[in-house]
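Between the sequences and the hints, there should be enough to build the whole structure, so can you do that?
Protein chains: 2
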Amino acid sequence: MNITVAGIGITKFGELWSASPRSLAKIAVEMAIADSGVEKKSIQGLFVANMLAGMLGMQGHLGALFSEELGLSVPAYTVEGACASGGLAVQAGVMSILSGQYDTVVVLGVEKMTDHKPEEVSSALMGAGSNEERLAGATFPGLYAMLARAHMEKFGTTEKQMAAVAVKNHFHASLNPNAQYKNTITVDHVLRSSCIADPLKLLDCSPVTDGAAAIVLTKDTKNKKGVHIIASQIATDTLGLAGRKSLTELSATKQAAQHAFIQAGVGQKDIHLAEVHDCFTIAEILAIEDIGFGKKGEVGREMEHGTYTLGTAPGVVVNSSGGLKGCGHPIGATGVKQIVEITSQLRGTCGKRQVHDAKIGLAHNVGGSGATAVVHILQK
Amino acid sequence: MNITVAGIGITKFGELWSASPRSLAKIAVEMAIADSGVEKKSIQGLFVANMLAGMLGMQGHLGALFSEELGLSVPAYTVEGACASGGLAVQAGVMSILSGQYDTVVVLGVEKMTDHKPEEVSSALMGAGSNEERLAGATFPGLYAMLARAHMEKFGTTEKQMAAVAVKNHFHASLNPNAQYKNTITVDHVLRSSCIADPLKLLDCSPVTDGAAAIVLTKDTKNKKGVHIIASQIATDTLGLAGRKSLTELSATKQAAQHAFIQAGVGQKDIHLAEVHDCFTIAEILAIEDIGFGKKGEVGREMEHGTYTLGTAPGVVVNSSGGLKGCGHPIGATGVKQIVEITSQLRGTCGKRQVHDAKIGLAHNVGGSGATAVVHILQK
Numbered sequence: 001m002n003i004t005v006a007g008i009g010i011t012k013f014g015e016l017w018s019a020s021p022r023s024l025a026k027i028a029v030e031m032a033i034a035d036s037g038v039e040k041k042s043i044q045g046l047f048v049a050n051m052l053a054g055m056l057g058m059q060g061h062l063g064a065l066f067s068e069e070l071g072l073s074v075p076a077y078t079v080e081g082a083c084a085s086g087g088l089a090v091q092a093g094v095m096s097i098l099s100g101q102y103d104t105v106v107v108l109g110v111e112k113m114t115d116h117k118p119e120e121v122s123s124a125l126m127g128a129g130s131n132e133e134r135l136a137g138a139t140f141p142g143l144y145a146m147l148a149r150a151h152m153e154k155f156g157t158t159e160k161q162m163a164a165v166a167v168k169n170h171f172h173a174s175l176n177p178n179a180q181y182k183n184t185i186t187v188d189h190v191l192r193s194s195c196i197a198d199p200l201k202l203l204d205c206s207p208v209t210d211g212a213a214a215i216v217l218t219k220d221t222k223n224k225k226g227v228h229i230i231a232s233q234i235a236t237d238t239l240g241l242a243g244r245k246s247l248t249e250l251s252a253t254k255q256a257a258q259h260a261f262i263q264a265g266v267g268q269k270d271i272h273l274a275e276v277h278d279c280f281t282i283a284e285i286l287a288i289e290d291i292g293f294g295k296k297g298e299v300g301r302e303m304e305h306g307t308y309t310l311g312t313a314p315g316v317v318v319n320s321s322g323g324l325k326g327c328g329h330p331i332g333a334t335g336v337k338q339i340v341e342i343t344s345q346l347r348g349t350c351g352k353r354q355v356h357d358a359k360i361g362l363a364h365n366v367g368g369s370g371a372t373a374v375v376h377i378l379q380k
Numbered sequence: 001m002n003i004t005v006a007g008i009g010i011t012k013f014g015e016l017w018s019a020s021p022r023s024l025a026k027i028a029v030e031m032a033i034a035d036s037g038v039e040k041k042s043i044q045g046l047f048v049a050n051m052l053a054g055m056l057g058m059q060g061h062l063g064a065l066f067s068e069e070l071g072l073s074v075p076a077y078t079v080e081g082a083c084a085s086g087g088l089a090v091q092a093g094v095m096s097i098l099s100g101q102y103d104t105v106v107v108l109g110v111e112k113m114t115d116h117k118p119e120e121v122s123s124a125l126m127g128a129g130s131n132e133e134r135l136a137g138a139t140f141p142g143l144y145a146m147l148a149r150a151h152m153e154k155f156g157t158t159e160k161q162m163a164a165v166a167v168k169n170h171f172h173a174s175l176n177p178n179a180q181y182k183n184t185i186t187v188d189h190v191l192r193s194s195c196i197a198d199p200l201k202l203l204d205c206s207p208v209t210d211g212a213a214a215i216v217l218t219k220d221t222k223n224k225k226g227v228h229i230i231a232s233q234i235a236t237d238t239l240g241l242a243g244r245k246s247l248t249e250l251s252a253t254k255q256a257a258q259h260a261f262i263q264a265g266v267g268q269k270d271i272h273l274a275e276v277h278d279c280f281t282i283a284e285i286l287a288i289e290d291i292g293f294g295k296k297g298e299v300g301r302e303m304e305h306g307t308y309t310l311g312t313a314p315g316v317v318v319n320s321s322g323g324l325k326g327c328g329h330p331i332g333a334t335g336v337k338q339i340v341e342i343t344s345q346l347r348g349t350c351g352k353r354q355v356h357d358a359k360i361g362l363a364h365n366v367g368g369s370g371a372t373a374v375v376h377i378l379q380k
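So the protein sequences, as listed, match chains A and B.
What the first sequence shows, in the working numbering, is residues 1 to 380, in sequence order.
What the second sequence shows, in the working numbering, is residues 1 to 380, in sequence order.
Read the hints as simulated data drawn from the structure, not as lab findings.
Treat each hint with caution, since some may be false.
Note that the list lumps identical chains together, so a pair holds whenever it fits in one copy or between two copies.
What the hints assert, rightly or not - Straight line, CA to CA, 25 Å or less: simulated PhoX-like cross-link-like pairs of lysine-lysine:
{"id": "1", "residue 1": "40", "residue 2": "254"}
{"id": "2", "residue 1": "295", "residue 2": "160"}
{"id": "3", "residue 1": "254", "residue 2": "295"}
{"id": "4", "residue 1": "254", "residue 2": "269"}
{"id": "5", "residue 1": "254", "residue 2": "41"}
{"id": "6", "residue 1": "296", "residue 2": "154"}
{"id": "7", "residue 1": "41", "residue 2": "245"}
{"id": "8", "residue 1": "245", "residue 2": "40"}
{"id": "9", "residue 1": "154", "residue 2": "222"}
Printed below as a string of structure tokens:
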């Protein structure tokens with residue numbers, strides 16, 4: 001593969017009451033283009049990742065909308081795959097360059113969630129799940145609670161171990177100026193927070209977030225700041241949990257990661273940092289196990305001992321941005337933000353949360369309860 | 001380009017009260033795979049085009065949903081660009097093969113519109129338009145009525161000439177077993193039908209339709225039935241009419257067509273048949289002019305004289321399927337159905353509506369009132 005992340009841009013993540021989706025997109029894309037040094041007129045395509053604008057705001061056709069809004073006037077696409085929309089759009093952008101159709105494209109992930117009532121957002125998010133789950137009244141916290149319970153029963157994973165994921169990610173987020181949460185928390189805070197879907201507490205769950213992230217992709221590898229995408233893989237599984245062979249792993253993650261490691265010609269031990277899809281704390285444990293950074297059933301214990309935390313070398317640092325839990329989870333933006341974070345880290349520009357001597361990073365983005373998984377590997 | 005349309009599948013188009021989106025998708029995709037002779041396990045990716053499932057049915061994540069439903073278990077994407085979703089998904093599929101990511105993919109367009117109240121469908125369709133248009137209460141018939149009025153004033157195009165488009169397309173649809181309407185109509189029928197948005201009458205407008213279409217794309221050019229995609233181009237314009245320089249042309253269509261002719265190395269006179277986006281009769285006149293099959297301002301008159309109609313050689317036959325007007329317009333399916341029709345014609349399997357000795361065909365798919373235009377050129 002011969003794809004360069006030439007520029008990155010990101011807004012603050014959080015409850016951005018005074019920002020519109022357009023203003024967020026503009027900040028992220030203009031920052032990415034300026035950062036890339038590419039002239040705006042050289043941009044040839046736009047890939048927009050978003051899940052909720054249609055369901056909650058009755059606005060479709062976002063590709064053309066943002067192409068106009070950003071003054072690009074280029075071929076534009078909206079790519080959707082629930083919470084994996086960002087990762088899918090990045091891959092679509094990568095393919096568009098590898099195909100020879102375009103030389104330079106922008107991938108934009110954007111979501112504005114706080115303009116809508118929480119129950120409307122919750123209902124719209126279930127659009128990522130199966131019909132049966134929706135009719136049964138399931139919510140994503142409920143579905144991931146089932147995954148957590150299965151993991152606890154099979155491997156002895158504890159609520160404290162899951163809480164340790166949130167503690168780590170809030171610590172990382174406290175070092176990230178763009179993060180939604182800048183407060184560090186303790187295991188006790190997590191355990192004493194309101195129960196959302198037993199065994200998951202409020203602080204086991206990623207929040208509702210507004211935000212946008214953008215990257216400029218190009219086949220020009222001479223870019224000085226360039227970080228390269230060396231693998232881009234997707235896998236799918238059943239939409240609903242009922243169809244899965246196992247509830248203690250996400251097989252789409254396993255497949256996408258395996259294919260990505262083969263494509264990149266690197267292994268788990270070569271990865272210095274990873275952004276994984278911690279929509280719930282159990283999801284990060286599953287991700288670390290299924291990607292193969294830790295052994296199945298052992299990652300909960302490792303988490304309690306501080307593994308995967310910044311500054312505890314050796315081994316991979318997970319979610320240096322704060323992850324979905326600490327940095328926030330604006331659905332369509334998340335997968336693009338992961339690439340922004342990895343790129344910043346590989347450039348060595350992450351300040352207080354810099355992973356020492358980071359050369360290879362991995363991004364892992366999930367849609368629904370694991371129906372879609374996207375894995376990208378990036379190298380300096 | 002080296003892309004083969006190896007297989008095609010399509011459902012009947014119409015008010016299919018007893019069919020679900022899943023059943024429609026299954027029929028179209030299984031037909032396309034069987035037709036291609038490709039083994040199901042060789043399919044490596046799925047691109048789903050749909051606009052309304054999220055807005056009207058609160059179901060997102062259609063890529064993974066249909067990947068499971070169809071028993072494919074492959075990387076899957078949803079691509080949206082309003083009424084151009086189908087064309088965009090075809091292009092995304094093309095790029096995925098040219099990029100080397102996949103060898104064989106399925107592109108599925110599917111829409112189920114009749115399960116919802118007409119006013120809900122109408123409101124959801126305005127998701128393709130600009131915010132200003134939506135807030136002003138504009139509808140698509142209203143927007144295209146403005147385009148029609150501008151064309152009438154500038155070029156003297158008449159209501160009769162527009163009606164002739166509907167007459168032609170109903171005639172073609174009467175020869176298409178899958179079409180929504182099999183009744184031929186007269187200019188008088190059109191002129192006497194209810195006024196929807198002056199000067200557009202009911203029979204100037206494409207209907208609300210359920211349906212699905214699917215194609216198997218592969219880089220294998222040895223496929224005996226193979227028809228080849230020799231150009232695939234997209235262009236965008238402002239989402240709303242207010243931003244346009246001219247109301248008597250769709251500049252996105254002009255751009256996409258120009259680029260496609262250059263890419264294919266052919267000109268307008270080499271095209272034997274075209275499926276163009278006749279969501280309203282005026283839209284077909286604009287399309288024929290902007291693609292360059294006829295001169296700007298003269299196509300209305302040509303239409304009255306039967307040009308572009310099956311059996312009136314020489315010249316290009318337009319909308320042999322019946323187009324959106326006669327065959328029906330299941331939003332996400334339309335752009336894929338155009339490729340199905342062109343492929344059938346180039347194979348010579350269209351029976352009564354066969355275009356004599358058709359060797360090169362063009363498909364033109366529009367999103368909104370012209371914010372997105374997609375042009376594909378196919379060759380036997």
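Evaluated hints:
In this assembly of identical chains, the alpha carbons of residue 40 and residue 254 lie at most 25 Å apart only when taken from different copies (22 Å versus 38 Å within one copy). For the identical chains of this complex, residue 295 and residue 160 are intra-copy neighbours only, at 19 Å inside a copy versus 73 Å across copies, given an alpha-carbon limit of 25 Å. For a Cα distance limit of 25 Å, the shortest separation of residue 254 from residue 295 inside one copy, 13 Å, qualifies, whereas the shortest one across copies, 57 Å, does not. Proximity of residue 254 to residue 269 under the C-alpha cut-off of 25 Å is restricted to the intra-copy arrangement: shortest distance 16 Å within a copy versus 52 Å between copies.
For a Cα distance limit of 25 Å, the shortest separation of residue 254 from residue 41 across copies, 19 Å, qualifies, whereas the shortest one inside one copy, 40 Å, does not. In this homomeric assembly, residue 296 and residue 154 come within 25 Å of each other (Cα to Cα) only inside a single copy, at 10 Å, whereas the closest approach across copies is 71 Å. Taking the closest pair of Cα atoms, residue 41 and residue 245 come within 25 Å of each other only across two copies (20 Å); inside a single copy the shortest separation is 49 Å, beyond that limit. For the homomeric pair residue 245 and residue 40, the shortest alpha-carbon distance between copies (22 Å) is at most 25 Å, but the shortest distance inside one copy (48 Å) is not.
Neither within a single protomer nor between protomers do residue 154 and residue 222 lie at most 25 Å apart by alpha-carbon distance, with minima of 50 Å and 51 Å respectively.
The structure is inconsistent with hint 9 alone, although it conforms to all the rest.
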